[in-house]
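Here are the chains, one letter per residue:
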Amino acid sequence: MSRRTLLLAAAGAAAVPTWAACAPARRPNEIVVWVKSGSSDMMESLGILAETYQQRNPGKLVRLVTVQSRGDDDATLLITAIRGNTAPDVFLGDRFTFAQFGSRGLLQDLSPLLAGEDADLLGGFLPFTVNEAAYNGAVYGIPFDTDSRGLYFNKGLLRDSGVDPAVLDPARGAPTFDQVWEIADKVSRTDAAGSYTHLGFIPWEEQAWPFTWCLANDAVIFDEASCRIAVDDPGFRQVYADYRDWARRLDYPKVDAFVATYKPPNAPPSQSPFFNDRLATSVVFSNFIFNLKKYAPKLDWGVTYLPVRADGDEPYSWSGGSGFTIPTGAANVEDAWEFIKFMTSPQGQAVWVQRQNYLPTRTAMLSDESLIADQRFFADLLIGGYGHSRPPLPVGPALWEAMNTAREGVLLGQSGPDEAMAEIARRVQPELDQYCPVSPGLGR
Amino acid sequence: MAPSTPTGTRHGGRTDPAGPANRASNATRAGNATRAGNAIRAGNAIRRRNLRLGLAFISPWIIGFLAFVAYPLIYSLAVSLLNYTGLQQPTFAGVGNYTRIAQDPLVVKSTWNTLFYAGLAVPLGLAVALVLALCMNARVREVGLYRTALYLPSLVPVFALSFIFVVFVNPQYGLFNRIVGWFGLPPENYLGDPTSAKLIIVLMAQLAAGNAALIFLAGLNNIPDSLYEAATVDGAGPLRRFFVITLPLLSPTILFNLVTGISGGLQIFTQAYILTEGGPNNGTLFYLYYLYKNAFSYAQLGYASALAVVLFLVGLLLAVLIYTLSRRFVTYEVNG
Chain A
1 MSRRTLLLAA AGAAAVPTWA ACAPARRPNE IVVWVKSGSS DMMESLGILA ETYQQRNPGK
61 LVRLVTVQSR GDDDATLLIT AIRGNTAPDV FLGDRFTFAQ FGSRGLLQDL SPLLAGEDAD
121 LLGGFLPFTV NEAAYNGAVY GIPFDTDSRG LYFNKGLLRD SGVDPAVLDP ARGAPTFDQV
181 WEIADKVSRT DAAGSYTHLG FIPWEEQAWP FTWCLANDAV IFDEASCRIA VDDPGFRQVY
241 ADYRDWARRL DYPKVDAFVA TYKPPNAPPS QSPFFNDRLA TSVVFSNFIF NLKKYAPKLD
301 WGVTYLPVRA DGDEPYSWSG GSGFTIPTGA ANVEDAWEFI KFMTSPQGQA VWVQRQNYLP
361 TRTAMLSDES LIADQRFFAD LLIGGYGHSR PPLPVGPALW EAMNTAREGV LLGQSGPDEA
421 MAEIARRVQP ELDQYCPVSP GLGR
Chain B
1 MAPSTPTGTR HGGRTDPAGP ANRASNATRA GNATRAGNAI RAGNAIRRRN LRLGLAFISP
61 WIIGFLAFVA YPLIYSLAVS LLNYTGLQQP TFAGVGNYTR IAQDPLVVKS TWNTLFYAGL
121 AVPLGLAVAL VLALCMNARV REVGLYRTAL YLPSLVPVFA LSFIFVVFVN PQYGLFNRIV
181 GWFGLPPENY LGDPTSAKLI IVLMAQLAAG NAALIFLAGL NNIPDSLYEA ATVDGAGPLR
241 RFFVITLPLL SPTILFNLVT GISGGLQIFT QAYILTEGGP NNGTLFYLYY LYKNAFSYAQ
301 LGYASALAVV LFLVGLLLAV LIYTLSRRFV TYEVNG
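Residue numbers (full-length UniProt numbering), protein chains in the order written: chain A, 1 to 444; chain B, 1 to 336.
Hints in this document: simulated from the structure, not taken from any laboratory.
Given the structure is predicted, the values throughout are model-derived calculations rather than measurements.
Some clues are possibly wrong.
Not everything, but these chain B residues come out facing chain A in the computed CB check (under 7 Å) [what the hints assert, rightly or not]:
1. 85
2. 172
3. 226
4. 296
Beta-carbon label-pair distances, calculated as ranges [what the hints assert, rightly or not]:
5. B/142 / A/268: 35 to 43 Å
6. A/156 / B/144: 23 to 31 Å
7. B/211 / A/192: 39 to 47 Å
8. A/86 / B/270: 49 to 57 Å
9. B/92 / A/71: 28 to 36 Å
10. B/321 / A/192: 48 to 56 Å
11. B/146 / A/430: 49 to 57 Å
12. A/430 / B/71: 29 to 37 Å
Ideal placement from N, C-alpha and C gives every residue a C-beta, glycine not left out.
Start from the sequences and build out the full structure, keeping to the hints where you can.
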């Protein structure tokens, strides 16, 4: 082979991937939909909805793509896709991240699209779900589903431990923390080495986040007037004092070993100490019913209100959920918008709710018994106005992460409540200052 | 043929009063000079052509270096002076991002975590790699088998190894807890404590020691056998031969592995990303992981670039420091 031939061949070989990279990667009328951390079950249900949309709109093609990410605020793939001019047309993600993503220019303001629609398009949705997807006057997403939190209990394990499960009947109102601890103490057991084999209650596992207990304390997290994270609020601080006391009470390292045994990092949803009669109570969201039906169909379980501080205190809960949004740089905005309208319509949500056990975001659907028979308890929480959401701040996910990290410090005994509050302020306030003043009236 | 001299060359253009003989001689010299000039020109042309061809052949590397190393470095330096999310209009921040680094408690924490890791993993890695290399160098028939077995763990991708370690350290089912249980220690979640989680990551890094061991093995093979034979004749035992011959003559290899090890240690990322997500309580939040989170989770590209520039400078300083100190302990020549 001559040198000239070799060089030509090398140049040709280099040109092929370059050409391939520049070649169009999508077909006309294709709607590329990114689903954040979608499980196989979720993708299957979304696939059915996408198929229905395609049948109703001949010529349109929906391509569903699962994107995995670490943490609520991880926008790595979205940022790189937008910068690389390969942004999806639709993004289905955590609604409470939209304010942060939107404020950084990752999402499009949907207001111009809404202006061309029926004036009351958003009027039928639960107000907090709409507010959660908006920031600074811009609407960044349309709510798709929501949820609510409750205290699930394993009736079989309670009976085996000499506890009548009827004490946790929601008809009796919300249990107090003292009552829950009294039950838990009867369940918790250790082996000869001192390791836990059974536990009654772990007040920092699953959905027992600092935010959950903030609601129990009527805590203020964000002070709109001063645009500051309200780390001086007594209810907010009390959460970390409680975590410190609970960690001492249960011996945190031993509980941590128990959790790592029965639910190690990256465990699949089928793996839970609640399913295999190791854990008696657990703070989980409404959608946990889906996992119970699928992975522990024979388990005898119940659900009640989250524990309150004093007997007779009003129940509380909180809700998250997902929403559809259109990222910056989306190529097919027109079709994306039509697809979002279909998915968030009563027909679209009905399929999703029935298959995945999420709660609908349209208020009227919460009363439809055929849709949410399994979730009546949680739907009533929403109807009763207990469905608070996290404050949708431009640093919402960062605040969430800082609160949870501060909890780890307290549980490990490496910091006290005061240090935890100082750490949250040091981590989040400088970032929040860049956006102050933050428009009032968001969240809740 | 008279050799062409500088004198002859110098006189080449003048009228020579010495007659035809000298003229003939001058003509010969002039011819020689022309031929020499031609030869030089031809040589230069060949050199230029070779240079062009050489550059053409290494152009993929040059283009790669310029596009993927030099340009990002300069771009990162420029972005470090901006407030920039990557998508919105950037604003000039001056040294604001650098002053923020000085005040950020997570920078202190992530730097400490990284130094803790590098300070333990690098020297331990050198020792493990050296032991592996000595085993790989053993003069036994099955040495090929040993070399394969010892190098094999280095071929396992870090992310796969991380998932394996999650099972390995499981309090109830993990082998690690079984082993420590033999010494009467109760099962614990070693990934749930900031210090032990870091130590687990240090331990995990040792499974990649095979790469450094191969370099050590090459170094070992470069040590002349005659030195060992002479030392043996002089009555030196195995330990003395190791410390007096092997270690000093391996010092350039140790230096190389040390510099690359520190560079890798400062960039520890994947293990924390998969195993612990930076926790607990930011106990495994390494510098590069924090940089990554700023860039992609928080979309603070300006701040992340400033963190990258600082990391680059620290890495550079450390390398310079090690090379300066290495003059005291590195032996490059064998004085038999």
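Hint-by-hint comparison with the structure:
1. 85: 4 Å, holds
2. 172: 4 Å, holds
3. 226: For residue 226 of chain B, the interface hint is violated, since the closest Cβ of chain A sits about 45 Å away, which is over 7 Å.
4. 296: Holds, because the Cβ-Cβ distance from residue 296 of chain B to chain A comes to roughly 4 Å (cut-off 7 Å).
5. B/142 / A/268: 35 to 43 Å: 42 Å, holds
6. A/156 / B/144: 23 to 31 Å: 58 Å, violated
7. B/211 / A/192: 39 to 47 Å: Hint holds: Cβ distance 44 Å, inside 39 to 47 Å.
8. A/86 / B/270: 49 to 57 Å: Hint violated: Cβ distance 25 Å, outside 49 to 57 Å.
9. B/92 / A/71: 28 to 36 Å: Taking Cβ atoms as reference, residue 92 of chain B and residue 71 of chain A lie about 30 Å apart, which means the hint holds.
10. B/321 / A/192: 48 to 56 Å: 53 Å, holds
11. B/146 / A/430: 49 to 57 Å: Roughly 55 Å apart at Cβ, these two residues keep to the hinted range, so it holds.
12. A/430 / B/71: 29 to 37 Å: 31 Å Cβ-Cβ, so the 29 to 37 Å window holds.
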